[in-house]
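Enquirer: Chains as they are written, first to last, in this note's numbering: chain A, 213 to 349; chain B, 213 to 349; chain C, 213 to 349; chain D, 213 to 349.
Any given hint could turn out to be false.
Note: identical chains are not told apart, hence a pair may lie in one copy or across any two.
To be verified - Here are the simulated lysine to aspartate or glutamate pairs, DMTMM-like style, with alpha carbons at most 25 Å apart:
| no. | residue 1 | residue 2 |
| --- | --- | --- |
| 1 | K218 | E347 |
| 2 | K218 | D255 |
| 3 | K301 | D255 |
| 4 | K218 | E323 |
| 5 | K218 | E349 |
| 6 | K223 | E347 |
| 7 | K254 | E229 |
| 8 | K309 | E323 |
| 9 | K223 | E349 |
| 10 | K298 | E237 |
| 11 | K298 | E229 |
| 12 | K254 | D325 |
| 13 | K311 | D330 |
| 14 | K311 | E323 |
| 15 | K298 | E323 |
| 16 | K298 | E347 |
| 17 | K311 | E219 |
| 18 | K311 | E237 |
| 19 | K298 | E312 |
| 20 | K318 | E219 |
| 21 | K301 | E347 |
| 22 | K218 | E237 |
| 23 | K309 | D222 |
| 24 | K311 | D325 |
| 25 | K301 | E229 |
| 26 | K218 | E312 |
| 27 | K298 | D325 |
If you are wondering where the hints come from, they were derived from the structure by calculation, not from laboratory data. Nothing here was measured: the structure is a model prediction, and the numbers come from that model.
Chain by chain, the residues run as shown.
There are 4 protein chains.
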Amino acid sequence: MALSPKEIIDKMMAADEMSQWLGIEILDPIPGATSIRMTVRKDMVNGFNVAHGGITYSLADSALAFSSNSHGIRSMSIETSISHLKMVKVGDVLTVKTKELSLSRKVGVYEMDVLNQDNQLVAHFKGTVYRSGIEWE
Amino acid sequence: MALSPKEIIDKMMAADEMSQWLGIEILDPIPGATSIRMTVRKDMVNGFNVAHGGITYSLADSALAFSSNSHGIRSMSIETSISHLKMVKVGDVLTVKTKELSLSRKVGVYEMDVLNQDNQLVAHFKGTVYRSGIEWE
Amino acid sequence: MALSPKEIIDKMMAADEMSQWLGIEILDPIPGATSIRMTVRKDMVNGFNVAHGGITYSLADSALAFSSNSHGIRSMSIETSISHLKMVKVGDVLTVKTKELSLSRKVGVYEMDVLNQDNQLVAHFKGTVYRSGIEWE
Amino acid sequence: MALSPKEIIDKMMAADEMSQWLGIEILDPIPGATSIRMTVRKDMVNGFNVAHGGITYSLADSALAFSSNSHGIRSMSIETSISHLKMVKVGDVLTVKTKELSLSRKVGVYEMDVLNQDNQLVAHFKGTVYRSGIEWE
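Next up, chain A with everything else stripped away, as it sits in the complex (with noise of 0.2 Å):
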């Protein structure tokens, strides 16, 4: 039978590590828009005591995963570019708005704008995912 979005992000979620290691909560599952959110910590830091860039990464990267697979076939990153725009310090809180820019049969195509409490834009990522053609279930 075939998950609704939130199964098929609460089954990635209970299994996924890294994404429960960054603390990801998730906002809204919705299929090619899921919004999720996380709160930068001290352990995330580079050597310039601000977030390192895999911390926004993973979290955009995070985002691309719910929001792919969350119609319901089985998708996997390909290629992605992520420009860092705004340091993030300890305590930021951190959450992915997802735009799905195009969505063919085994193609998609995805951005997400990664803001901070203040509502200032921290990173922009771009995603693309192939679509496998299997189901979640």
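Mind docking chains B, C and D on chain A? Use the hints.
Expert: Just chains B, C and D now, kept in the frame of chain A:
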């Protein structure tokens, strides 16, 4: 007094809690071509039980920071992209080989190959940094 | 004497033989958000009889040059990417809408939506420029 | 009957008016590693009197099309990026060297180095294609 490449990387690494969490080891502290290594752990997987895309990204992004900063000038990532080419599993040992494509007064461009223990290319990363002009000391 | 946004774009356009070959018209000479338009001709197709990827790229890259330079500071593209989302045919009228994601003293980041005459998104472009500090005059 | 790599590239090139306008010559019709060349003309410059970014992009994008399609399967570009590393002038002879980073049943990933007549790297391109499964014939 200007710091040596090794001193800069050691100083960055000592403050870089994310790279410590990843278990990154510095193999070669060469400016423009720093090589680093880590082993994938169970707490780094995503919902498909393979390494989260953020793991290979974070590893390559750390290599970018070390490679660009060890020239002696404080440099920050402005745009990066990564292609995920092959699944990465728990226990895989990942090594980053760095190549400096271009270095001008204000901009540096790098590519990183992420290889596994069988010398297979698992991810390919490209990063552009802005060079602030401020020396490491 | 500092030039106006329109004067800068007119000056660039007069020397820009490639943009003239493309048949680019300036719709809105707004700094950071210049909008431009062109029509796809028969001599712009690739081996699949659709517009060569270089056509939508060149159009968006011209929009990047106009949008970033019309702030008054000479700026040059350092890294760009484009997702080709929908086939573009001979006769299609393409319009670029520009959004400035970030503008700091030395770096600007932009995204461009390339739309066809039916307002469908045919390509999505992201561009990063280095701002030289040299004024247009 | 399946076509040879050279037959596929010749067939594509015969219909590819943009590549003809660019003056592209095929140096090596090797699947996954097609090498091509062109000379920059006066009508290819931008407003700074150097080659428009769309010229090196179009050249590399044609190399991507030839390299990926000459495996015998119709393939189309889905995501590409290019770093402009060095100014390109009128009269420069540009050669593209292609490397296939990955080839799976449905996706291919390539990087292209664009070199000038002095063997300097003027641009670096990365391209991802979707392989349709339809054979060239």
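Enquirer: For every hint, state whether the structure bears it out.
Expert: Verification of the hints:
no.	hint	in the structure
1	K218 <-> E347	within (15 Å within a copy, 39 Å between copies)
2	K218 <-> D255	between (30 Å within a copy, 23 Å between copies)
3	K301 <-> D255	both (11 Å within a copy, 24 Å between copies)
4	K218 <-> E323	within (21 Å within a copy, 31 Å between copies)
5	K218 <-> E349	within (12 Å within a copy, 45 Å between copies)
6	K223 <-> E347	within (14 Å within a copy, 38 Å between copies)
7	K254 <-> E229	both (19 Å within a copy, 8 Å between copies)
8	K309 <-> E323	both (8 Å within a copy, 16 Å between copies)
9	K223 <-> E349	within (10 Å within a copy, 44 Å between copies)
10	K298 <-> E237	within (22 Å within a copy, 28 Å between copies)
11	K298 <-> E229	between (27 Å within a copy, 20 Å between copies)
12	K254 <-> D325	within (23 Å within a copy, 29 Å between copies)
13	K311 <-> D330	both (20 Å within a copy, 20 Å between copies)
14	K311 <-> E323	both (5 Å within a copy, 14 Å between copies)
15	K298 <-> E323	both (17 Å within a copy, 16 Å between copies)
16	K298 <-> E347	between (38 Å within a copy, 21 Å between copies)
17	K311 <-> E219	within (21 Å within a copy, 36 Å between copies)
18	K311 <-> E237	within (18 Å within a copy, 29 Å between copies)
19	K298 <-> E312	both (23 Å within a copy, 14 Å between copies)
20	K318 <-> E219	within (22 Å within a copy, 28 Å between copies)
21	K301 <-> E347	between (39 Å within a copy, 23 Å between copies)
22	K218 <-> E237	within (13 Å within a copy, 39 Å between copies)
23	K309 <-> D222	within (19 Å within a copy, 36 Å between copies)
24	K311 <-> D325	both (8 Å within a copy, 13 Å between copies)
25	K301 <-> E229	both (23 Å within a copy, 13 Å between copies)
26	K218 <-> E312	within (18 Å within a copy, 34 Å between copies)
27	K298 <-> D325	both (12 Å within a copy, 23 Å between copies)
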